[in-house]
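S.K.: Chains F and Y supply the protein sequences, listed in that same order. Each residue of the first sequence is one higher than the one before, starting from 2 at the first, in our numbering. Each residue of the second sequence is one higher than the one before, starting from 2 at the first, in our numbering.
For the record, the hints were derived by calculation from the structure and aren't laboratory data. Treat the numbers as computed from the prediction; the structure is a model and nothing was measured. Where a beta carbon is used, it is the ideal one built from N, C-alpha and C, also for glycine. Hints may contain errors.
To be verified - If you want the footprint, here are the derived chain Y segments under chain F, 3+ residues with CB under 8 angstroms:
1) 194-200
2) 357-363
Claimed, not checked - Derived CB-CB ranges, DEER-like:
3) F:247 with Y:355: 35 to 41 angstroms
4) F:274 with Y:414: 24 to 30 angstroms
5) Y:442 with F:145: 57 to 63 angstroms
6) Y:367 with F:136: 42 to 48 angstroms
7) Y:97 with F:136: 32 to 38 angstroms
8) F:284 with Y:16: 44 to 50 angstroms
9) F:274 with Y:230: 35 to 41 angstroms
10) Y:442 with F:284: 43 to 49 angstroms
11) F:301 with Y:330: 51 to 57 angstroms
12) F:319 with Y:364: 55 to 61 angstroms
13) Y:372 with F:271: 24 to 30 angstroms
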Amino acid sequence: MTLPGSWEMVVGLEVHTELKTATKMFCGCANHFGAEPNTNVCPVCLGLPGSLPVLNERAVELAMAIGIALHSTIAPSTFHRKNYFYPDMPKDFQISQYDLPINSGGYLDLPDGSRVTIERAHLEEDTGKSTHLGGSGRIHGADRSLVDYNRSGVPLVEIVSGPDIRSSAQARAYASELRGILIATGASDGRMEEGSMRIDANVSVRKANEPFGTRCEIKNLNSLRSLHRAIDYEALRQVEVIEDGGVIRQETRHWDENLGVTSTMRTKEEAEDYRYFREPDLVDLAPEQAWQDRIRLALPAMPAERRTTLQARLSAPTPAQLDAVEVVIDLNLERFVNAAIDATIDPVLALARAANELAGGLEGIENLTIEAFCATLHMEQSGQLSATQAKTVLGELLAHGGDPSAIASAKGFEQLSSDSLGSTVETLIAENPDEWSRYREGDEKLAQFFIGQVMKLTKGQANGKAVIAELQSRR
Amino acid sequence: MKSAQQIALDVQSGASSALRELDASLAVIHARNDELNVFLYVDEEGARAAAAEIDDKIARGVSVGPLAGVPIAIKDNMCQVGIPTTCSSRILEGWRPPYSATVITRLMAAGAVPVGKTNLDEFAMGSSTENSAFGPTRNPLDPSRVPGGSSGGSAAAVAADMTPVALGSDTGGSIRQPAALCGLIGVKPSYGLVSRYGLIAFASSLDQIGPFSKTVMDSAILLETIAGHDPMDSTSLPEPAPSLSAHVEDGVVGKQIALVRELIDGADPDVVASVTRAVEVLKDAGATIIELSIPELRLGLSAYYLIAPAEASSNLARYDGVRFGLRVDGEDVEAMNTATRTAGFGAEVKRRIMLGTYALSAGYFDAYYGQALKVRTQMIDAFRRAYAQADLLIGATAPSVAFPFGSKTSNPMAMYLSDVFTIPTNLAGEAAISVPFGTGEAGLPTGVQLLGPGRSEAQLFAAARVLEREERGS
Chain F
2 MTLPGSWEMV VGLEVHTELK TATKMFCGCA NHFGAEPNTN VCPVCLGLPG
52 SLPVLNERAV ELAMAIGIAL HSTIAPSTFH RKNYFYPDMP KDFQISQYDL
102 PINSGGYLDL PDGSRVTIER AHLEEDTGKS THLGGSGRIH GADRSLVDYN
152 RSGVPLVEIV SGPDIRSSAQ ARAYASELRG ILIATGASDG RMEEGSMRID
202 ANVSVRKANE PFGTRCEIKN LNSLRSLHRA IDYEALRQVE VIEDGGVIRQ
252 ETRHWDENLG VTSTMRTKEE AEDYRYFREP DLVDLAPEQA WQDRIRLALP
302 AMPAERRTTL QARLSAPTPA QLDAVEVVID LNLERFVNAA IDATIDPVLA
352 LARAANELAG GLEGIENLTI EAFCATLHME QSGQLSATQA KTVLGELLAH
402 GGDPSAIASA KGFEQLSSDS LGSTVETLIA ENPDEWSRYR EGDEKLAQFF
452 IGQVMKLTKG QANGKAVIAE LQSRR
Chain Y
2 MKSAQQIALD VQSGASSALR ELDASLAVIH ARNDELNVFL YVDEEGARAA
52 AAEIDDKIAR GVSVGPLAGV PIAIKDNMCQ VGIPTTCSSR ILEGWRPPYS
102 ATVITRLMAA GAVPVGKTNL DEFAMGSSTE NSAFGPTRNP LDPSRVPGGS
152 SGGSAAAVAA DMTPVALGSD TGGSIRQPAA LCGLIGVKPS YGLVSRYGLI
202 AFASSLDQIG PFSKTVMDSA ILLETIAGHD PMDSTSLPEP APSLSAHVED
252 GVVGKQIALV RELIDGADPD VVASVTRAVE VLKDAGATII ELSIPELRLG
302 LSAYYLIAPA EASSNLARYD GVRFGLRVDG EDVEAMNTAT RTAGFGAEVK
352 RRIMLGTYAL SAGYFDAYYG QALKVRTQMI DAFRRAYAQA DLLIGATAPS
402 VAFPFGSKTS NPMAMYLSDV FTIPTNLAGE AAISVPFGTG EAGLPTGVQL
452 LGPGRSEAQL FAAARVLERE ERGS
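With the rest of the complex left out, here is chain F (with noise of 0.2 angstroms):
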């Protein structure tokens, strides 16, 4: 979407990410999604008189592995707290970072080229979860409230981004190579339909090279869809409030993803006063230079660096060849192409083999060996199956795993590959005469009328280059 006339969005995302630690930020209840309601809890997640928390070591290393990824500064840093009343915060106050983040500064860089700047990225708690029974179905005005702290005290990190980002779908792509980032650390799962990546969006217009306008934070934003859709949706209110002679207040706006708007959820005057100060009850942290040297090292490589490595293998990539090379990497299975280009495969027909076929099957994933990923590829490559029959190898493989050349045998393909071929090509030579001599005389596109009669008669199980092959061989 274009916003009308000059104007121009300016957006920046809070992304929060649960971290995948085995347990809590401050205790040592395990850190599990999808546990009964309140299973996963103790005196400190539940905040009871007198308990204290400790910080979980492993958060710290996850957040730092976050912040080396984002080429942020890692720094001594403090925590403090947030207060403010809900059921679902135990102890009524939140344990964050404030002026003082692990994180400080840094940047991620976008496939289009573009950059976006990285204010911090931050350590805090999350919440409990509190689900709204009848009436209103939100907290005033529901018959009740149930609330569930197994998620109270999973470490987050809050990554906060600079006003840096111009449109929806560079807000999407930004928060779809986060979660590449994120997943690669082994930080996050990201899995934002259960929660462990959530995003709040900070959206206002301005005229081209104007002062930032007004902005209005967008709570709460859980697929990359409701974000794309939010901050067109936000974008383009504020430009039609603005043209119409109205003006932007500061506001925290929810996102209403079957009705498609935001509305108004509270105003800065009604804002809360959080009355942040150092939470007593926990040190400072100062990460040793040795510890941060560890997590460094132990780094895999980023997307970007991934993307750009295999991007490489290919000899001049077409725009749909990047597209795969990025659901490649985005779905983690460069493993499978890099093995079939090493082992000889054409790396387009790799490349879309795997952004189709295994992008399309990843359930199955663990039932797919390399191995067998290459030799069906191989068969394909030397005409012993189809294009069709390959996917149907390949489906069978993510669908029971097996011995490509055995389940290719077992469903028939192979027959069709030798004499089989040939002599259903004479038969068709022989059926349409006009046809062949035409093809002889070098009207190419005839090789494909002579594709599709072998198509149909094999019912599709036939090489489309074999095909050619054979005719070539009687031209």
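With the hints as your guide, set chain Y onto chain F.
M.R.: Just chain Y, lined up with the frame of chain F:
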């Protein structure tokens, strides 16, 4: 009453038994608790079981700890699994913690027998135990007077011979001041020496648990039992418990002790006289005495009454009616929170929550809380300079002897001044001990305070012992 040290020796040797010592303790509690209102809860059943286990271990030849069979009173702001823990507040009435404070676990591992929970000013906010939702505690030495506070119940338990020792907590003087008013030894350990895990927070950066006893040795034994690193408390010092009882008889020969003008200014003449005499005794025992002025100490009270309420306003937010304790229903969740807190908290607690909330508010933070933190830093620096000149400091614990009920309740400032000499130690995170020395008005005891830098407990006990020997003749 026998000292804790003597009880443990008798129980270990078979001269007595844990059950016999417990019965002696319970007999006094039964005889005097109605009058004095010391215990909010007596865990007779649990105490008998714990005592029987000690006796059984001894019978089986299993080794028992240094506090074997010693009955102990616990201030009711420390969690003990399954035992009602109220902080003397309606808001926690009926709550039974599902876990025990580290100090309770360590005491029981050393063979001590917790007999029950003692009264305090609500959430430890006060200096007379008159702020308890369950009525004031009376001073056993003169029941028309307060025992001091906030650990007034624990002080009274020891002063009334209900138990030989007790645990209190000290945020601005809440162990030392009642110790002075009840004629006891009371110790505020260095910040981080004793784990706060399971101590219901008033002001987290100031709170420390410490002992009450009649003898210096008993406090030393008790403190070395509960001290030492606890992985459950991030602010606990990294090292194991220091050896303290071994240093009680070290004396003060060659020590530099400074009499600090600001720690006696404004005290009653009787109190000043006791301090002056204590200085002479220490000098006679071989210490070198100097006089110091530390003007920064005068700022302590005002800094304290911003920092402690600020932390309290946050620490006490969790009493919202949602998960435990009192709940008063309301239209919606905010109305329920408000109704619960209105009904559950007493006036002094509300006053401090409001004060602290204000001090942390946007627009006021720098002028109040921020300024108080700067004063705190100055206080720490001033103490550091003083300890470059002297090993220990000496002054009064409280400005007066125990005062009559109601004499300060109408004037919060007058009450707050009860802690003017004790607060600086908490702000600096250092150590201090109150020693009963001399008497004042109506023959009531006066307290002398010895102060030392962090981790100076062994020296403080040695100096306190010099004064104790002078007073007791042994």
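S.K.: When you take the CB atoms of residue 274 of chain F and residue 230 of chain Y, is the distance between them in 35 to 41 angstroms?
M.R.: This hint holds: roughly 37 angstroms between Cβ atoms.
S.K.: Is it true that residue 97 of chain Y and residue 136 of chain F lie within 32 to 38 angstroms of each other by Cβ?
M.R.: Distance hint for residue 97 of chain Y, residue 136 of chain F holds at roughly 34 angstroms.
S.K.: When you take the CB atoms of residue 284 of chain F and residue 16 of chain Y, is the distance between them in 44 to 50 angstroms?
M.R.: holds, 46 angstroms
S.K.: Are three or more residues of the segment 194-200 of chain Y within 8 angstroms, CB to CB, of chain F?
M.R.: holds (count 4)
S.K.: The hint says 43 to 49 angstroms between residue 442 of chain Y and residue 284 of chain F; measuring C-beta to C-beta, is that right?
M.R.: holds, 45 angstroms
S.K.: The hint says 24 to 30 angstroms between residue 372 of chain Y and residue 271 of chain F; measuring C-beta to C-beta, is that right?
M.R.: Given range 24 to 30 angstroms: holds, Cβ gap about 29 angstroms.
S.K.: Confirm or reject the claim that residue 319 of chain F and residue 364 of chain Y have a C-beta distance inside 55 to 61 angstroms.
M.R.: holds, 59 angstroms
S.K.: A range of 35 to 41 angstroms was offered for this pair. Does it hold for the Cβ distance of residue 247 of chain F and residue 355 of chain Y?
M.R.: holds, 39 angstroms
S.K.: Honestly, do residue 442 of chain Y and residue 145 of chain F meet the 57 to 63 angstroms range at C-beta?
M.R.: At roughly 60 angstroms between Cβ atoms, residue 145 of chain F and residue 442 of chain Y fall inside 57 to 63 angstroms, so the hint holds.
S.K.: Cut-off 8 angstroms, C-beta pairs, minimum 3 residues; does the coverage of the segment 357-363 of chain Y by chain F stand?
M.R.: With 4 residues in contact (Cβ-Cβ under 8 angstroms with chain F), the coverage given for the segment 357-363 of chain Y holds.
S.K.: For the hint 42 to 48 angstroms, verify it against the beta carbon of residue 367 of chain Y and that of residue 136 of chain F.
M.R.: Given about 43 angstroms between the Cβ atoms, the range holds.
S.K.: Does the Cβ pair residue 301 of chain F, residue 330 of chain Y satisfy 51 to 57 angstroms?
M.R.: holds, 54 angstroms
The earlier numbered hints are all upheld by this structure, with none contradicted.
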